[in-house]
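J.: Numbered according to the working numbering, the sequence shown spans residues 106 to 277.
These are calculated hints, taken from the structure and not from any lab test.
Fair warning: this is a prediction, and the values are worked out from it, not measured in the lab.
Idealized CB from N, CA, C, for every residue including glycine.
Straight-line alpha carbon distances no greater than 16 angstroms define the calculated EDC-like cross-link-like pairs of lysine to aspartate or glutamate that follow:
(1) LYS274 <-> GLU143
(2) LYS229 <-> ASP258
(3) LYS229 <-> ASP218
(4) LYS274 <-> GLU180
Label-pair ranges, simulated between beta-carbon atoms:
(5) THR221 <-> LEU161: 19 to 25 angstroms
(6) TYR201 <-> ALA179: 14 to 20 angstroms
(7) GLU202 <-> GLY225: 31 to 37 angstroms
(8) ARG275 <-> THR221: 39 to 45 angstroms
(9) LEU161 <-> ASP218: 17 to 23 angstroms
(10) PRO167 <-> ASP258: 23 to 29 angstroms
(11) GLY225 <-> GLY175: 33 to 39 angstroms
(12) ARG275 <-> PHE166: 18 to 24 angstroms
(13) ALA227 <-> ALA194: 20 to 26 angstroms
(14) ASN216 <-> PHE166: 14 to 20 angstroms
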Amino acid sequence: MKLGNWKVILAIACTVVLTLSAGWSAGAWSPRHDFELEGTWQVAVTLTNCSTGKPLSPNAFPSILTFANGGTMAEDTTNPAFGHGQRGAGQGFWQYEGHRTFTAKSIAFINFDTPTPTTGPAFKMGTQTIEQTIDFTDGPDAWSANATIQFADTTGNVYMQGCATATAKRFE
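Work the whole structure out from these sequences, hints included.
T.: Okay, structure coming up:
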């Protein structure tokens, strides 16, 4: 081959390599889109009266929710109504509903009955299911939610229901 042909082939090869590497860089780096639910969130949960929406306690308790790409989620809570080790971490799914709104549903095991309730509710071994609607109203790094909660025993019979509100900040 002539030297001129090698220069053309080398120029084409360099162009292809540069184009592909620029594409890989752009694909690997992805800026966070506004109002993206994916990530980990520090959440403050307030239990509420389902009929009136009024808080049942003046104190919120913290939870952590992680929303993964593809629509799965994981959560954990410090709700003081549960005994130590009584409730496991939750797992579930989420989806985009449109215009800064998402829905999520998670389930967690209640590992044992509340031994002898003196204050607060008596939980039975089974599951806790939480369904919530999440709205971004305060920018891309904060959201609020309304939730319904169901407790079911090991046979699947729902024995208690509740409601909650939540506010969240992105964990960074």
